Amino acid sequence: MTVKYTDIDYSVFSDAANYVSQGLSPYLRETYRYTPLLAWVLVPNQWWPHFGKIVFMVSDLVTGYLIVQLLKFRVKGKQLLILSSIWLLNPMVITISTRGSAESVLTVMIMLSVYYARKKSFNLSAFWLGIAIHFKIYPIIYLPTMMLYLIRFGNPLINIPLLNLLNKQNIQYLLITISTFGVLNLIMYQIYGYEFLYHTYLYHVTRLDHRHNFSVYNIMLYYKSSITDTTGMMQNIEKFAFVPQLLISGILVPFKFGTRDFISCLFLQTFTFVTFNKVITSQYFIWFLFLLPHYLSNSQLIKGQYVQGIVVLVMWVATQGIWLYFAYKLEFLGISTFDNGLLMASCGFFLSNCWILGVFINDLNISAP
Amino acid sequence: MKHRITILNHESTHDSIISHINKTSIQLTSNFTREDKFTFVGDEVPTIFKNKNIKDLNIRMGNVDSLVFNYFTDDLEVNVRPNSSKDKFFQGTSDLWKLLGINNDWSISKSSVMTRQDTSEPLKDVMKKIIGMDFEAMNLVYTSGKLIISVLNKDGPKSISWMDDVYTETGIFLIDDFEVDDIVLSGLRVIMDGNEKIESEPETDDTKFDHLHKTLFHVKPKFRTFPITTKFNNNGLHPKIQFEFPEPPVDDVSGCDRFFYTSLPKDLFIDPYNPGENVEIVVNYGVKDLELPEYSIDEWGHQVLVRLTEDVGELTLHSRYQLPNKHGNQTIDFNGVAFYGCDLRERNILQLNPFYNEFLDGYSSFFTNDTVIYQDFKNFKVDIPVPQSEFHDINNITLITLVLGILIIILQLLKPRKKEKREKKHQ
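Chains as they are written, first to last, in our numbering: chain A, 287 to 655; chain B, 15 to 441.
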């Protein structure tokens, strides 16, 4: 069985870029579910098909450069080299970009936002976060963390509980982020109309992807899509899936760590968000991987708690490996592994992720300033 | 109504194949391959087919191997050109499809909507009532107020009877000479229209049959059998069909191109952006959504025509997710035809073939009338893996896992800040 190296998504981007270069909508391409910005950037693909891959690889390197710059605030020498290698020499990162996945473009935007926030250029940080949210909606969960991080840079405007968290600095940050996001959306909406809104955002909210992926919801969603008579909350849990996902990643984790170590907090938020997502593929791991070096730079898992660190790594890789084994049997050997294979493997992967998250929370609780 | 009967005599001579003949009937000595073609015009058309929502209709079923006749639709295929808006069409024809036992799930085709299914007993019953006979294969065409029902039987009835007021023309043909690109048919033709004087017992010497008109045809077959190698690889959720085309035919044709046509049920689809190796999509009608499971689609499926750019190629199919069942898999049967489409060196002579049955949007409709098709029919079987449990069990397992995971995280988040603890101890 030969598997093509180039990701199918890359053909999707290229076809969409081809459409926009002719003045047409990128959404004419089936399964294009991204901002038209991406298709615009990849217009040269029609003359040089590898152009997009070069953009993604350069984005990998820029992300790596920004990781190094941020790490320099905390570590140096060998430790800096090892931690930055988690991204820069990571075969998973290299493979995903060279296969043609656009995740690294988003990581650059987020890293620029984080970098400028760390350098106290808050307006620039808010601008890049606005672009990142336009590019993919999930970085909106970073907004509470940024707001909480900025508490220390101004005095409360009102002295009422909760409202005293607001100051001139974080309100300005909020407004710039929302304005950037809003203006970009308005431009895209003016050009492409409702299909831009639907494919870029609404589709992802209403998406019920029944095709096998790592998510704990996946097999249940497959069964659910095959029946019509489900009533009651317990039989419609996917409709409430966003509740634990946003509650933990968007509120609880930021309130716990946002003011203490905002970059590590972003890492925990993303890890939680991906863990609880209704769809998880390997590309989603990139979303938190670029924040891992910063988290580890102050973690006990690479200092005193080596064994626990290794167990965490083994758990994460092994539970993925088990899922991949059953997915291979289904996808390429045609063996039905939905019930006893993929269901159990995705539950195992979810629980191991939750346990790992627990370890991270406990670890950050000790190590964060 | 007109009734044209064509009998293909398998013997080497017409001698002794008619045991009895008079002005109202012909009795044959044996069963022969027989085509009966009934033509209804105007008021003769049975009322069930006079539907104002239907402009053109073609129903074909059955695959009978024959050098002369073209009946090769495995299963039952229906093509309709609507004469009204989508809603009116589906509303106004649903009773007809119900009566004929035809599934009311349609897909867009070249110039019509189409559906396909294994067979339909109600349709056979209705046809039997109209034409008064059973059949192995059928081609029904209704267009411009004219209905033509052609049926074929490998071992057709021995007797031919003249019905009152029905112009009946019978032709008995034997293959005098056969080449793949030229068939010589010598025949006897009998017309029974109530006026013809047909009488007396048959004579052994057919030259003395002055009421039988001798006739001779040179037929250029449009559809010709031609072996093409295909290999099917189930390959999990992505079945592959591999092709190996031999050298193209030379006969009376030139400029041949390699093709594969299939009517794919909705369980399978082709990724229009990535169809396979050395394969170009020419036609891909049907469901456009590549992500929907089979059970969420209310159309019939796909009509796919691909061109192979090399002698060897591979077409990749993708299976849609199926409803769970107890067996753990769902078997899907489908068929296709690999063929060379060739230009005839001498144009227009195909149209002289009186045995050719017209199809509405069949695969030959994608080619010009002068195209000769060298074909090889293929049947495929795909096993698609499906889940075997019940929703409630899966839902409960997912729910318990979710609660456990949330608890693990919340318990850690609720733990107090360690440094604060230490500070308190110091105080």
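Hints are computed from structural coordinates only; laboratory data are not their basis. From a predicted model like this one, the values you see are computed outputs, not experimental measurements. Accuracy of the hints is not assured; some may be wrong.
[Said to hold, decoys possible] No more than 30 Å apart at the CA atoms, straight line, and that leaves these computed lysine-lysine pairs for DSSO-like:
#1 K51/B / K564/A
#2 K290/A / K254/B
#3 K589/A / K525/A
#4 K525/A / K302/B
#5 K51/B / K228/B
#6 K392/B / K290/A
[As the list claims (entries may be wrong)] Covered stretches of chain B, going by a simulated chain A footprint (3 or more residues, C-beta under 8 Å):
#7 305 to 314
#8 329 to 343
#9 414 to 424
For each residue, glycine too, the CB sits at the ideal point set by N, CA and C.
Check each numbered hint against the structure and report the violated ones by number, ascending. 1 and 3
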